[in-house]
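Here are the chains, one letter per residue:
Number of protein chains: 2
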Amino acid sequence: MKIPWTKPDFWGNEIKYVTQALESSWISGGEYLNKLENDFGEILKKKHILAVSNGTTAIHLAFLGLGLKPGDEVIVPGFAFMAAANVSLLMGLKPVFAEVDPDTWCLSAKELPKYISSKTKAIIPVHTYGNVCAMDDIMEIANAFGIPVIEDCAESLFSKYRGEQCGTIGKISTFSFQATKTITTGEGGLVVTDSDDLNKKMLLYRSHGMDRGKKFYWHELPGHNFRLTNFQAAIGVAQLEKIDIILAERKRVSEEYKNILSNMEGITFQKINKDVEPVIWAIALKLDTKVFPQGRDMVIQQLKEIEIETRPGFYASSLLEIYEKHSLPGCEVISKNVISLPTFPSLKNDDIAFVCEQLLKLRKF
Amino acid sequence: MKIPWTKPDFWGNEIKYVTQALESSWISGGEYLNKLENDFGEILKKKHILAVSNGTTAIHLAFLGLGLKPGDEVIVPGFAFMAAANVSLLMGLKPVFAEVDPDTWCLSAKELPKYISSKTKAIIPVHTYGNVCAMDDIMEIANAFGIPVIEDCAESLFSKYRGEQCGTIGKISTFSFQATKTITTGEGGLVVTDSDDLNKKMLLYRSHGMDRGKKFYWHELPGHNFRLTNFQAAIGVAQLEKIDIILAERKRVSEEYKNILSNMEGITFQKINKDVEPVIWAIALKLDTKVFPQGRDMVIQQLKEIEIETRPGFYASSLLEIYEKHSLPGCEVISKNVISLPTFPSLKNDDIAFVCEQLLKLRKF
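From first to last, the protein sequence lines are chains A and B. For my numbering, add 801 to where a residue sits in the first sequence, where the first one is 1. For my numbering, add 801 to where a residue sits in the second sequence, where the first one is 1.
Next up, chain A with everything else stripped away, as it sits in the complex:
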């Protein structure tokens, strides 16, 4: 592809630190892991940070920490990447899919109460594409019902909500350092909480239920292996040193797209809540079917033919065959009409202009 949808970039000390990490120790733990966890503790101002192997294991760990049991219900948005829903099914939980806001494409606080039952044991707002859900409204409802909130921040690292870092409001928050993300360790993630009890349990679940400081091979609980390696953490530490540049470049990219496409007929940007300063993970637009009568999938195909890689919106849960069906018309409209354009920090303004020009050419008036 001439213009890929994403591209991870080097920012400085990645290879140097990886080499140092490999030359020191590889056995569980290590200085870069400690540094990564400490650095994020300071950034997020949270008490406990656990580095893990990826954003999906982060969610799995959060569910285990909360002690969710087969039959429990968890509320997840019907439009989002389906990591939380899939982990739910793998654990025998019932994912209850909720409508999203038609403009922000994030879990709708207004619709939320109707999905709550006596079996609801967690609510998982997903901060899709870097937007942040209406957390104040969601927390008010969750607190009224006494249901813990897990924020899925896989796509929203460094976005801010009311001036605070995203992922600092819920009982637990999960993050991803997958290759396309703002900070990457290839595969990796974080689980974050202020709760000592939750952290203690999740620390055990992360590594076989064992506390080696106490007893070797003594499993206090049936843990998994969700560990991140020290040398992957080293990459994250190197990137974090350059976070100001990374965020500035991501901001430039999203503003450039906005400048060109904002008032164009047939194109609607994801609405960012007024309380949110987003770090956009992926520029996403809703195409008007009157203006793009060929449909979103054909637009993706047309752009692919001129070597521009784009991605469709997520499938709404109600369109996927593996989930229990209940109609989510709001999610389906977004799902069928959203396209996500190339978004990465080293994407040049010229390339952005070219992508926009080609997209606009595909309109039919």
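Since the hints were made in silico from the structure, they are not lab data. Hints may be right or wrong, so weigh each one.
It does not matter which identical chain is used: a pair holds within one copy or between any two.
Below, in silico cross-link-like pairs of lysine to aspartate or glutamate (DMTMM-like), each with a Cα-Cα straight-line distance of 20 Å or less [said to hold, decoys possible]:
#1 K847 x D937
#2 K961 x D995
#3 K808 x E824
#4 K870 x E1125
#5 K1016 x D1098
#6 K1015 x E1122
#7 K1072 x D938
#8 K1015 x E1106
#9 K1105 x D1151
#10 K1126 x E1021
#11 K1137 x D1098
#12 K1043 x E824
#13 K972 x D938
#14 K1075 x E965
#15 K1015 x D1098
#16 K1059 x E1110
#17 K1016 x E1110
#18 K1015 x E1110
Since chain A is already given, all that's left is putting chain B on it; use the hints.
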């Protein structure tokens, strides 16, 4: 510690290949991942090789591939590292703990039939410390009952059974590249099978149930994220180039221990089956309580005081509080009296001699 229990070593191109991998692409897949999978396909002469994030996710993937469901029973040894047992509990399966052979410390074929019920859906022999279970006898029983066998080869990579690589007999085999293992990628592992159907399902479960070649974000099943990164695979590829040296050094280490300790009163080595050419992951000895009246745990403490790091045997399942109890006297004897000595390829003969000398000094006649 003056003499650590384990130490990962560099063998040549690790840093060079990691650097190359980081400089190419990080997005899912990559040339080193392909090479690692292809190389092991040739070594193990198996049709399908899936690189995964660690040995525990390898077992989880095998269980998902077989379609194991809550309430299903799986037979696991009562003395072994408890990854398979813990994944069972996490999936709502019932681990049924079986006796091990008193000499080889591996799943006892003789005792196996009595643990089989109509609910048994898998048998998981664990090739502990690099020994290989009596696979012919186990397969005969498993086949008679039509129960699939998953070989847990986390500790037995490159051991041979009747001249063939370990992990080539069962329906599925799982391996680990964790930091202490013969080949390491920091954290990592493999799942291996000849079955096209199983491979297809496991490939989907490894990465969110998605086949991106077909449709983006379309979840065919509720997959997890068990992916290994390309740059971790690069480390494995570099090590595999030097496998002859690594195996020769591991052999030297275990033979040196044998030379010194073999006929010493109070010390019994794990018995290696006559059909097995082992690659010893960890030298493990059973201490005679008459000769070491202070007990195994005290011996570990005494050696620690002179900076020799050792490890106890695994806890028998019947000694751990998280599993359903049924008495396993054979496993308990091994569990309480086994000590594992420093074992890694770069361990010097002088250090081995020192460890042995210090251990022998602790005997009371």
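I'd like to know which numbered hints this structure contradicts. Please list them from smallest to largest. Failing hints: none at all.
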